[in-house]
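Undergrad: The residues making up each chain are set out below.
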Amino acid sequence: MALETALLVGVMFTVATYLILQRSFVRILFGFLILTNAANLFVLSMSGRPNGRSAPVVLEKGVPMVDPLPQALILTAIVIGFGVAAYLVFLLYRLFLDRRTTNATEMYEEP
Amino acid sequence: MLLLALGLPMVGSPFLALAGRRLGARVGWLALILPVMSTVLLGVLAMDRSLPARWGVELPWVPTLGLNLSFLVDGLSLMFGLVVSGMGCLVIFHAIFYLGTDYAHLGRFYSYLALFMGAMLGTVFADHVVLLFLFWELTGVTSFLLIGFLHGEEKSRVGARQALLVTGSTGLALFAGVMLLQRATGTSSLSVLLERGLPWGERGGELSLAMVLMLVGAFGKSAQFPFHFWLPNAMAAPTPVSAYLHSATMVKLGVFLVARMYPLFVVSPLWLPLLGTVGFTTMLLAAVLALVSHDLKSILAWSTISQLGFLIGQYGLGPVGGVGHDQLHLLNHVLYKGCLFMVAGVAMHATGLRDVREMGGLFRRLPLLGMAAVLAGGSMAGLPGTLGFLGKEAMLADLFQPLRDGASPWVLYAVGCAGVASVVKIAFSLRLVTGVFFGKEPDGVALQYHAPGLGMQLPALLLAAGSLLFGVWPGLLDGLFGQWAVEGLNRPKPLAVWHGWSVELFTSAGMVMMGVLLHEVGRRTGWRGWRIPGVLQADKAFEWLVERFQGWTKVWTRGLRADRPADHLPIVVTFVVMALGAGLLGLVPGLAERLWPEDVGMDPLRTGVAGLIAMTVVGVLVLRRWTAQLISLAVSGFLTCFYFVLYRAPDLALTQILVETVTLILVLLLLARFPNSAQVGEETRRPGRWTHYFHIGLSLATGCVATGLILVVTSAPHPEPLGARYLEQTVPLAKGSNAVNTLLVDFRGFDTLGEVTVLVVATLGCLGLLMRYKRTPEETRQGPLGPPGFGVEEQRED
Numbered sequence: 001m002a003l004e005t006a007l008l009v010g011v012m013f014t015v016a017t018y019l020i021l022q023r024s025f026v027r028i029l030f031g032f033l034i035l036t037n038a039a040n041l042f043v044l045s046m047s048g049r050p051n052g053r054s055a056p057v058v059l060e061k062g063v064p065m066v067d068p069l070p071q072a073l074i075l076t077a078i079v080i081g082f083g084v085a086a087y088l089v090f091l092l093y094r095l096f097l098d099r100r101t102t103n104a105t106e107m108y109e110e111p
Numbered sequence: 001m002l003l004l005a006l007g008l009p010m011v012g013s014p015f016l017a018l019a020g021r022r023l024g025a026r027v028g029w030l031a032l033i034l035p036v037m038s039t040v041l042l043g044v045l046a047m048d049r050s051l052p053a054r055w056g057v058e059l060p061w062v063p064t065l066g067l068n069l070s071f072l073v074d075g076l077s078l079m080f081g082l083v084v085s086g087m088g089c090l091v092i093f094h095a096i097f098y099l100g101t102d103y104a105h106l107g108r109f110y111s112y113l114a115l116f117m118g119a120m121l122g123t124v125f126a127d128h129v130v131l132l133f134l135f136w137e138l139t140g141v142t143s144f145l146l147i148g149f150l151h152g153e154e155k156s157r158v159g160a161r162q163a164l165l166v167t168g169s170t171g172l173a174l175f176a177g178v179m180l181l182q183r184a185t186g187t188s189s190l191s192v193l194l195e196r197g198l199p200w201g202e203r204g205g206e207l208s209l210a211m212v213l214m215l216v217g218a219f220g221k222s223a224q225f226p227f228h229f230w231l232p233n234a235m236a237a238p239t240p241v242s243a244y245l246h247s248a249t250m251v252k253l254g255v256f257l258v259a260r261m262y263p264l265f266v267v268s269p270l271w272l273p274l275l276g277t278v279g280f281t282t283m284l285l286a287a288v289l290a291l292v293s294h295d296l297k298s299i300l301a302w303s304t305i306s307q308l309g310f311l312i313g314q315y316g317l318g319p320v321g322g323v324g325h326d327q328l329h330l331l332n333h334v335l336y337k338g339c340l341f342m343v344a345g346v347a348m349h350a351t352g353l354r355d356v357r358e359m360g361g362l363f364r365r366l367p368l369l370g371m372a373a374v375l376a377g378g379s380m381a382g383l384p385g386t387l388g389f390l391g392k393e394a395m396l397a398d399l400f401q402p403l404r405d406g407a408s409p410w411v412l413y414a415v416g417c418a419g420v421a422s423v424v425k426i427a428f429s430l431r432l433v434t435g436v437f438f439g440k441e442p443d444g445v446a447l448q449y450h451a452p453g454l455g456m457q458l459p460a461l462l463l464a465a466g467s468l469l470f471g472v473w474p475g476l477l478d479g480l481f482g483q484w485a486v487e488g489l490n491r492p493k494p495l496a497v498w499h500g501w502s503v504e505l506f507t508s509a510g511m512v513m514m515g516v517l518l519h520e521v522g523r524r525t526g527w528r529g530w531r532i533p534g535v536l537q538a539d540k541a542f543e544w545l546v547e548r549f550q551g552w553t554k555v556w557t558r559g560l561r562a563d564r565p566a567d568h569l570p571i572v573v574t575f576v577v578m579a580l581g582a583g584l585l586g587l588v589p590g591l592a593e594r595l596w597p598e599d600v601g602m603d604p605l606r607t608g609v610a611g612l613i614a615m616t617v618v619g620v621l622v623l624r625r626w627t628a629q630l631i632s633l634a635v636s637g638f639l640t641c642f643y644f645v646l647y648r649a650p651d652l653a654l655t656q657i658l659v660e661t662v663t664l665i666l667v668l669l670l671l672a673r674f675p676n677s678a679q680v681g682e683e684t685r686r687p688g689r690w691t692h693y694f695h696i697g698l699s700l701a702t703g704c705v706a707t708g709l710i711l712v713v714t715s716a717p718h719p720e721p722l723g724a725r726y727l728e729q730t731v732p733l734a735k736g737s738n739a740v741n742t743l744l745v746d747f748r749g750f751d752t753l754g755e756v757t758v759l760v761v762a763t764l765g766c767l768g769l770l771m772r773y774k775r776t777p778e779e780t781r782q783g784p785l786g787p788p789g790f791g792v793e794e795q796r797e798d
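Chains as they are written, first to last, in our numbering: chain H, 1 to 111; chain X, 1 to 798.
The shape of chain H in the complex, shown without the other chains:
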């Protein structure tokens, strides 16, 4: 249980959702980037409070360590999140080149 992490994830999810619901492509991209971090922190919080425990590197016996599983999951998630973010960036660039707009509403209006 870590209240500050829970609140932080709550704030990040709120902001990310709001940004993603906007019409501006750039804002949607920013929202997505925040959402990635928020989801990572969400998974990380599942390993419990880290107080009094060491990193999951086994050097000597008997030391309490944090759960390595969420970390492994997040490590994968960060990399994949980056891949998707990069794709989004290029997609936006292409959209701008083809349609001359960075706004979803305008894109629908001028097919």
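The set of hints was computed from the structure by calculation and includes no laboratory data.
We treat Cβ as the ideally placed atom computed from N, Cα and C, and that holds for glycine.
One should not assume that every hint holds.
Listed below are several chain X residues computed to face chain H (Cβ distance under 7 Å; list not exhaustive) [said to hold, decoys possible]: (1) Leu193; (2) Gly324; (3) Val620; (4) Val659; (5) Leu668; (6) His695; (7) Val731; (8) Ser737; (9) Ala762.
With chain H held as given, fit chain X onto it using these hints.
TA: Structure of chain X alone, referenced to chain H:
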């Protein structure tokens, strides 16, 4: 031996498809081997008197689901099995001559036919109720393929679609019923159920519902009212298919299912009303429709439906101990209807016509076939000397018996319907035979006639001969029916040609006279104005429904704005938030304490960093300029690295720094390409005030749900986290001290491989987006001017 008989058609089916390419039309002879083998094997089984009355075979299939290939052999399944395989022989033989070399893809045709036969045999021999359902649906699918075999024609496609939709959807009702039955009784084996009986006392409600659902399945398959409309349209199939699937075998599956259920469900108070009304209504309705149809195959289709209605209805009337003559009726129908279909096929093949009004006088040209038609038609009408006569006597006796015992309204209704339907049936039998074979030969027939071979006619002659043989010598059947009797279902009575001057005989004679009269009326009027009334054309209504359904789905898709992501997204998010929120509120006990425990556990350093991250994130929201937003975003990303460090996750922090840096550079490059005007233009279009509030509310709800989820989940940690095992094993098994690294590389290496694949795919996607070359109008007209490449600079100038 049983397995061989069942498995052969299934296994042989794909080979036929392959052989069809090599052998062409000759593949039919190869296909004929399968049903002949099955018939012989089943016949040996049926004649073997050392076997018990009911026995089974079981092969493991999906043992984890309790689903095995278990088969049940008793009189009922043997009789149906023999009908299926025996008719299979005749139909394939008929098809070899009927189809000749005119049709393409003959191998495929026989392959479907063999597959269908395997599925049919599987259905009738299935012991496990789910197995029964699976084979049941397989017959539906193969029927779809066979009806739509001439898929070049629209009629075939529509008929196939209708058949599939009706039998498929009612098949789902059967599945639901079977599942309920399984739940209520705790077993899924039919043989066990037949032995034990059903627990009507404790689970009466569930069983009644299961019964109704299973009967819906049976009604759909057997084309009973209100699902009666698909069968005539299924006649778009080649005639051998109609003869086999849509008269002799597949549509009888409903009858089979009702017979299977009979010993179990007959005590239900719903049994008689449901089967009686549906069966006899269908019988009357379809008989009338047969009389007013003119298409040869439509008449036969409606008459089949009518007879199926009777077959199902007579089970409804039956007393608890078992019905007397169902085997007789069944065999009778198989013999004469199969024969008539083949006769119709030959007649249509010879003349190229389908309309009864345009045919006539074929008897002179095809006397043998004419004899067969007269016999089969007489059997349908119930004239003496044929098996149909015995059937009709038995039917009348069975109908009058409950009348004498004191009639319920259901029985009265049944007797009324059956009486009228019989008269109508005599009329259309007469019309069918005289219309095609007697009278003056119209010019159209003389013009187009070409003689069919004897091989094509042979199966029809065989069936007609059978009808005659059993009709004059019913003693042959007594022994057979006695051996095939199933306890609780059949109580065969001895058959005789002559019953004395009984009420039944006089009734029968009266019916024949009225039928002839009715036919005469029709003939005098030249059948003008006799057609199916618009109200009763249920197939049109069904087609309309199907068309409308497509419209409705469009309305729904539009309504959910699935074509516009920006409008669709709020709907999706709302749904997710509501589902998760409802789950949190409704399913977690003691929510309040878990959300706010006494030990809050705030760490000062972490709280500080968390506050900073929150501030920068809100900054992204508040700041107006892209660059400012981006900087705020980047700061929040790097602070997250620090947060990872506080969570004792050095690997994460390292990766995050790298990724954050590269993302920052990428987005900066992107923004640098956008002109300033784009940023200004952004602010000009704002959503409405209420949309704005809705978005804010939705975002807040998402955040709350996320916080709540974390608090609830972490308040009760798992007693044995999986991570502990990895920590223990990382040095002994993976020879590495960093558990996160060994997890990724050693323990879950394939996941990492997948991750790398995602990166590669993303890279290729980005490359594709960059390289996509947009042609100018001139280029579209003249072809590309140069090689495709990074056509970015040219694009920016236009």
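Undergrad: Enumerate the violated hints, using their earlier numbering and listing them in ascending order.
TA: The structure conflicts with hints 1, 2 and 5, although it agrees with all the remaining ones.
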